[in-house]
Amino acid sequence: MSTLMRSGILESHSSTARSKSRNSPRAVAAVVLILGIFATLWTTLAYLQSHTEAKPMLVVLFPIAAITGILAIIPLFIYLSYQARLGTKGDFEKLNPLRPTHYWFLVKKTYTALQNNNLKVSAKDI
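Residue 22 in the UniProt record's numbering is what sits at position 22 of the sequence shown, and the numbering runs on without skipping anything.
Don't take every hint at face value.
[As the list claims (entries may be wrong)] In silico BS3-like pairs for lysine-lysine, Cα to Cα no more than 27 Å straight-line:
#1 120 - 109
#2 94 - 108
#3 120 - 108
#4 120 - 94
#5 109 - 94
For the record, the hints were derived by calculation from the structure and aren't laboratory data.
Note that the coordinates shown come from a computational prediction; the quantities given were computed from them, not determined experimentally.
Throw the hints in and build the complete structure from the sequences for me.
Printed below as a string of structure tokens:
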């Protein structure tokens, strides 16, 4: 019983908890970025809605704004989904989604994987 406690279940769980907590500030940054994009999208759509009576042609911008917001958020969800699993590879471990170069790397990697695999993404594709 004491050997199980020394080298068994508790140690393996604590090591995975440490690897996940190492990336948690980056995960929080990704969540904050997602919330910021949603807030910007909401504000943009509210602005467009309030001005469509005076300028009806602004209705054309609704789908463009929505598609742009969704396309900006998808790489961040992929980053959050595969962050712990891919942290050992080195690709996601050093990425901070708040840095524009890192964010564009995420965008490129995400949409390349989506394009090559019929819109299905797995950890080996990223």
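Comparing the hints with the structure gives:
Taking the CA atoms of residue 120 and residue 109, the gap is about 13 Å. The hint holds against a cut of 27 Å. At roughly 16 Å between alpha-carbon atoms, residue 94 and residue 108 fall within 27 Å of each other, so this suggested pair holds. Proposed proximity of residue 120 and residue 108 is supported: the alpha carbons are some 15 Å apart, at most 27 Å. Pair hint residue 120 plus residue 94 holds up; C-alpha atoms about 24 Å apart against a cutoff of 27 Å.
The suggested pairing of residue 109 with residue 94 holds, with an alpha-carbon distance near 15 Å, which does not exceed 27 Å.
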